Amino acid sequence: MTLAATQLAAATNENLASISNTLIYSAMAVYTLAFFAYIAEWIFGSRSKVGRTAAALTAPDTAKADAPAVTVNKAGGGTAVLERPKVVVRSSAGSRDVPDGPGAHGGDEQGDLFGRVAVSLTVLAFVVEAAGVVARAASVQRAPWGNMYEFNITFSTVAVGVWLGLLALRKNVRWLGLILITTVLLDLGLAVTVLYTASDQLVPALHSYWLYIHVSTAIFCGAAFYVGAAGALAYLFKDSYEAKLARGGKPGILATSVLERLPSSASLDKFSYRINAAVFPLWTFTIIAGAIWAGDAWGRYWGWDPKETWSFITWVAYAGYLHARATAGWKGRKAAYLALIAFACWLFNYYGVNFLFSGKHSYAGV
Amino acid sequence: MSKTTASDTGQVPAEDQDLGAAGSRLSTAPQEEQPHLPALGVVGWVRWFWRQLTSMRVALLLLLLLSLAAIPGSVIPQTGIDALKVADFRQRHTTLAPIYDKLGLFHVYSSVWFSAIYILLFVSLIGCIVPRTWQFVGQLRGRPPAAPRRLTRLPAYTTWRSEADPEQVREAALALLKKRRFRAHVAGDAVAAEKGYLREAGNLVFHIALIVMLVAFAWGQLYKSEGNKLIVQGGGFSNTLTQYDDFKSGNLFSQDDLDPFSFRLNKFTGTYELTGPNRGTPRTYEADVTYSVGAYGKEQRTTIKVNEPLEIGDSKVYLVSHGYAPVITVRDARGKIVMNKEAVPLLPLDGNVTSSGAIKVMDGYRNAKGEKEQLGFQAFFLPTYGGKGSTMLSAFPALLNPMLALNAYHGDLGVDSGVPQSVYQLNKKKLTEFKDSKGELFKQQLKIGETMTLPGGAGSVTFEGVKEWAGFQVTRQPGSGWALVGAVAAILGLAASLFIQRRRVWVRAVTGDDGVTVVEMAGLGRSESAKVPEELGDLAALLYDRAPGAPDAGDDGPGADTPDAAASGDAPGDDDPSSRASVPAEGAEQK
Ligand code: HEM
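Chains as they are written, first to last, in my numbering: chain A, 1 to 366; chain B, 1 to 591.
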C-alpha cells in the first residue's frame, strides 16, 4: 500500500469506529426506553390479583384429579370423532402441581401492551447494538473480541440475542425481560465508561483462528449461562413462595404480586436446567479449544494460568450442578444454589481475573 | 398430586411397586443408600467405605472440593508458572512463606492434598463406571420391562376404545414402535418399548473419556521435556541436551526421547504499530528458519510464527522471545583483535526492548603493560534512543536509532571459579573499574560504527552493528494426542448424554367389560420433558389410525377430554389420594 492509501484506510477505520460508538450509545438509549416499558408492564400487571398458586395448592383433591394438570393436544382442534387421542400429563413425584404465572403483565391488557412495546424496543436496540459490534469489527478488521470493551458489547448483544431467540421459539421467557435489560444496561454502562479502549489491532499471540472459535463460544456460553442463572434465581424465590403457601403461610404483598406472575417453580427449575445442560458441552469445548490455542501460542496446553484455572473451576462447578441434579438430597434448591455459584465463577473469571491477577490472558490494556 | 411438596415423597405404596420395577433402570446411576454404619468387621468396613466412595453423593462432594482446592493456586504465586513472583513473595512475607511452603501452596496443582482429591475422585469414578457398564450391558441384552399394572399413573397417558381386536392393536403397536426404532416386544397384554439407550452410552463414554484424559496428562507429565535455546541470526541448533540453554523434563524422560533434528535461524522479523495509542505494540513476529530432520535429512525452509510452531515428530519448536545482539570488535593494547565481530545477545527489559547484558573478553587480551587480563563491559542497548538528554529507556522496539552504552572493567571475570554464572551479568568481585579523567567509572555511548578507546591505551571497543536473536522453546508432550481423543470423546459423550432422552412406551390393549377393546398408552422419561408426552401423542395418533375409535356409550368420542375411560375402571379419580404423590416418574432416582 502507498502511504496515501494507508492513511485513507486509517481514516475509514476511525470513521467506522466512531460510527460504532454512536450505534452503541443509540442502542443504550433504546434499551433505556425498553427498560421503562418493562417497568410499566410490571406496574400495570400488578393490578391483577389472581392467587392461582394458592388456589392450586389448596384445591380439593377430587376436583384436581378429574381435571388433568395439562393436556397436550397436537392435532389443531378438528371434529370430535376424528380428533386424535389426548395425552394426559402428570407432574412427577415430589413436584408441586402449580400452574405457570401469566407473565409480567399479569393478564392486564395495558400491561401486555407495554410488554409488547418493550419487546419490540428490545429487538430494535438489539439490531442497533449488533450493528455497532459489526462496525467495530470492521474498524479493527478482525473479530471484535480483543479487549474487555469489545468483549462486553459483544456479550450483551449475544445475551439479548439468546433471549430473543428463546422468545421466537415461543418459550415462556418474557418475564425475564426486565432483569435482562437491567443487566445489559449495566454491562454497557461499564463498557463505555471504565472499559473503553480505542479500536486497535491484536498482539501476535492473539492472531489465530482458534481465537474466533474459543472466544466466540466463550461469549455465547457466558450469555446463555447468564440466562440459566437468572432462571435458577427466579426458581429459588418462587420455590420459597410456593413452599410458604403450601405450609399455609402468607407471603407479603409485593412477593405475591411479583411471584404470582412468574412461571411455576417446577417450570423455572426445568428452564434453568435445560439451558445450563445444553450449554455445558459447549463450555467443555470452549476450554478444550482454549487449550489447543494455548498449545500453539504459548507452547503448553495447560499452565494453570489464572484464567485457565478459573475456567476449570467454572467447569467443575457446572459439572457439580449437573451431578447434583442426579443425586438424592441435592435436587431442587441445593442444585440451584450450585448453578448460581457456578455462574458466579464464570463472572469472576471474566471480570475478577482480568482486574485482580496478571497472567498470560491480560493484554491490550485490560 | 395436589398437596405434594418436595418433601413428602416417602415410601412407595404396595400397589405402585410394579410401576417401580417398570420405571427402574432408566439410568444406571448408583442407588443411594443411607450412610448407616456397618457392624461387620474389617470386610464390612471396607465394603462400606467403598460404597460411600463410589456413591453419587461423595462424587459430588469430591467435585466441589476439587473446584475449591483449585482456587488458592490462582491467588498465590506458583513456582511452576512464575518462579520470580514466588521469590518476591517469599521476600515480602517472611512469616507466611514457610507456612505456605509446608502446605504446598506454592505448587498447589502438584501438592499432596490436591492430588489426593483428584485421585480419590478418579478412584470413585472407576468404581462407579465399571458396575454401571456391566449393568448397561445387561440392559442392552435384556428387554424393556413389562407394562406396570396401572398405566394411568405414568407421567404421560392416553386411552381410547377401539373397534380393532386387542391382538391386532398390539401387533400394530409393535410394528409402529419398531419402525420408530424403539426396542419393543409383547409382554402379556401389552407392548413394552424403550428408546434412547445412546444417552446412557454417552454418559459412560464421557466418564471413561475423563479417565483417558487424566491418564494422558499423567503420561505427558512423566515423559515431557521442555528446553530453551537462544539463537542469533545465522546461528544454528541441533536437538541434543548439551545444546540447550536450559532444560526441564519429566521423571521418566530419557535422552533418547529427543527427536533428532537441527535448524538454523536465517532471519527474524518483527513489525510494530507505528502510530496511535498502541504505538510499539508488536504486530508480527516471524522467524525464517532452515531445518532438517535426522542426522542427514534434506534441508527445508519454513517460517515459525508465534501461533504456528514447527512440528517435528513429537516435538514442537515455538518462537517465544526475541531481542538484539550488538556486534562487537575488541582490540587489546597492542591493537590485536581479541574479539572479532562477535554478536553478544542482550536480554530485553521492557516492551520497547531496552536491553542489558554483559560483554566478556576472556582470552587473548593483554593490557598496556603487556600482562594477560580479562575485560568486562556492562552493556545497555536501546534500539531507539531518544537523543541527548533523554532517558536510558528505548522509545520504540524496532531499530530506529540504536545506541549502545558500555561501562568498562578489567581484571578477573571469575568465570573459572567453578561457580556457574549468568552470561548476562558481570561478577565484579575481582574486577576493577576503568576510570575517566574525573576519576569516575569510564562509560561511553556508541552509535553503530563508533569506537570507544579505553583509558590509558588499554585498547578499544567497536560497535559494528546489530543482529537480532530469537528464543525458541522445544517441547515434547507425549500423550497429547490421546488427551485430544479423550476430549473429543468427552464432548460427544456429553452431548449424547444431555440431549438424548431415554424413554419407555407401553401400549396395552384388552377387551373391556362391554366387549369393546380398550387401548391404553403411557410414556415414561428419565426426566420430565415435554418431549415424552409429545412423542406419545404422535405415536397415539398413528396407532389410532390403525386401531380407530369405537363409538362410546355416552357418545363422547374417542377424544374425550378426560381419560377417566369407564372401561378401564382405573381412573385416577378413584385412587386413594395419599398414593398419588408417588408416581416414580424419574425411575431409578426415587429417594
Ligand atoms: C471426574 C469427575 C466427574 C465429572 C467431571 C463428572 C461429570 C458429570 C457430568 C457433567 C454429568 C452430567 C451428564 C448427564 O447428566 O448425563 C455426569 C453425570 C453422571 N455422573 Fe459424573 N462426573 C464425574 C465423576 C463421577 C463419579 C465419580 C460418578 C460415580 C459415583 C459419576 C456418576 C455419574 C452418573 C451416574 C451420572 C448420570 C446421572 C444421570 O443419570 O443423570 N460421575 N457426570
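These are calculated hints, taken from the structure and not from any lab test.
Given the structure is predicted, the values throughout are model-derived calculations rather than measurements.
Backbone N, C-alpha and C fix where the C-beta goes; we use that ideal spot for every residue, glycine too.
Among the hints, a few may not be true.
Pairs of lysine-lysine residues, derived as BS3-like cross-links and limited to a Cα-Cα distance of at most 25 Å, are as follows [as the list claims (entries may be wrong)]:
id, chain 1, residue 1, chain 2, residue 2
1, B, Lys435, B, Lys447
2, A, Lys270, A, Lys244
3, A, Lys307, A, Lys244
4, B, Lys443, B, Lys467
5, B, Lys531, A, Lys270
6, A, Lys307, B, Lys316
7, B, Lys341, B, Lys467
8, B, Lys178, B, Lys195
9, A, Lys171, B, Lys305
10, B, Lys372, B, Lys447
11, B, Lys341, B, Lys248
12, B, Lys372, B, Lys443
13, B, Lys447, B, Lys267
14, A, Lys331, B, Lys531
15, B, Lys305, A, Lys307
16, B, Lys430, B, Lys360
17, B, Lys305, B, Lys336
18, B, Lys178, A, Lys270
19, B, Lys467, B, Lys267
20, B, Lys85, A, Lys307
21, B, Lys179, B, Lys341
Selected chain B positions facing chain A (in silico; Cβ < 7 Å) [stated by the list, open to error]:
id, residue
22, Met56
23, Leu63
24, Ser67
25, Pro72
26, Gly73
27, Tyr109
28, Tyr157
29, Asn307
30, Tyr318
31, Leu498
32, Gly537
Outcome of the hint check:
Simply put, lysine 435 of chain B and lysine 447 of chain B have alpha-carbon atoms about 21 Å apart, close enough for the 25 Å limit, and the pair holds. Annotation: proposed proximity of lysine 270 of chain A to lysine 244 of chain A holds, straight-line Cα distance about 21 Å (limit 25 Å). Between lysine 307 of chain A and lysine 244 of chain A the alpha-carbon distance is near 41 Å, which puts this suggested pair outside the 25 Å criterion. Between lysine 443 of chain B and lysine 467 of chain B the CA atoms are separated by roughly 23 Å; this keeps the pair inside 25 Å, and the hint holds.
Only pairs whose Cα atoms come within 25 Å are accepted, and lysine 531 of chain B paired with lysine 270 of chain A is accepted, the gap being roughly 13 Å. Of the pairs offered as hints, the one joining lysine 307 of chain A and lysine 316 of chain B holds, with about 24 Å between alpha carbons and a cut-off of 25 Å not exceeded. The hinted pair formed by lysine 341 of chain B and lysine 467 of chain B meets the criterion: a straight-line CA distance of about 11 Å does not exceed 25 Å. Under the criterion of a C-alpha separation no larger than 25 Å, the hint pairing lysine 178 of chain B with lysine 195 of chain B is consistent with the structure, at around 10 Å.
For the given pair, lysine 171 of chain A sits about 47 Å from lysine 305 of chain B by alpha-carbon distance, which is inconsistent with the 25 Å threshold. With a C-alpha separation of about 29 Å, the suggested pairing of lysine 372 of chain B with lysine 447 of chain B is violated against the 25 Å cut-off. Simply put, lysine 341 of chain B and lysine 248 of chain B have alpha-carbon atoms about 33 Å apart, too far for the 25 Å limit, and the pair is violated. Among the hinted pairs, lysine 372 of chain B with lysine 443 of chain B is consistent with the structure: their alpha-carbon atoms are about 22 Å apart, no more than 25 Å.
Under the criterion of a C-alpha separation no larger than 25 Å, the hint pairing lysine 447 of chain B with lysine 267 of chain B is consistent with the structure, at around 23 Å. Using a Cα cut-off of 25 Å, the hinted pair lysine 331 of chain A and lysine 531 of chain B holds, with the two alpha carbons roughly 21 Å apart. Simply put, lysine 305 of chain B and lysine 307 of chain A have alpha-carbon atoms about 24 Å apart, close enough for the 25 Å limit, and the pair holds. The straight-line distance between the Cα atoms of lysine 430 of chain B and lysine 360 of chain B is roughly 14 Å, inside the 25 Å bound, and the hint therefore holds.
For a cut-off of 25 Å, the pair hint linking lysine 305 of chain B to lysine 336 of chain B is broken: about 42 Å separates their Cα positions. Taking the CA atoms of lysine 178 of chain B and lysine 270 of chain A, the gap is about 30 Å. The hint is violated against a cut of 25 Å. Restraint check: the Cα-Cα separation between lysine 467 of chain B and lysine 267 of chain B comes to about 9 Å, which is no more than 25 Å; the hinted pair holds. Only pairs whose Cα atoms come within 25 Å are accepted, and lysine 85 of chain B paired with lysine 307 of chain A is accepted, the gap being roughly 17 Å.
Among the hinted pairs, lysine 179 of chain B with lysine 341 of chain B is inconsistent with the structure: their alpha-carbon atoms are about 83 Å apart, more than 25 Å. Residue-level restraint check for methionine 56 of chain B holds (minimum Cβ-Cβ distance to chain A is 4 Å; threshold 7 Å). Checking leucine 63 of chain B against chain A: minimum C-beta separation of about 4 Å stays under 7 Å; hint holds. For serine 67 of chain B, the shortest C-beta to C-beta distance to chain A is roughly 4 Å, which falls under 7 Å, so the interface hint holds.
Proximity of proline 72 of chain B to chain A is violated relative to the hint, the smallest CB-CB distance being about 10 Å (cut-off 7 Å). Given the 7 Å rule on beta carbons, the hint for glycine 73 of chain B holds: about 6 Å separates it from the nearest Cβ of chain A. Taken as an interface hint, tyrosine 109 of chain B checks out: its beta carbon lies about 5 Å from the nearest beta carbon of chain A, inside 7 Å. Residue-level restraint check for tyrosine 157 of chain B holds (minimum Cβ-Cβ distance to chain A is 5 Å; threshold 7 Å).
Because the smallest distance between the Cβ of asparagine 307 of chain B and any Cβ of chain A comes to about 4 Å, under 7 Å, the interface hint for this residue holds. A distance limit of 7 Å between C-beta atoms decides the matter here; for tyrosine 318 of chain B the minimum to chain A is near 4 Å, and the interface restraint holds. For leucine 498 of chain B, the interface hint holds, since its Cβ comes within 7 Å of a Cβ in chain A; the closest pair sits about 5 Å apart. At its closest, the beta carbon of glycine 537 of chain B sits 5 Å from a beta carbon of chain A; the interface hint therefore holds under the 7 Å criterion.
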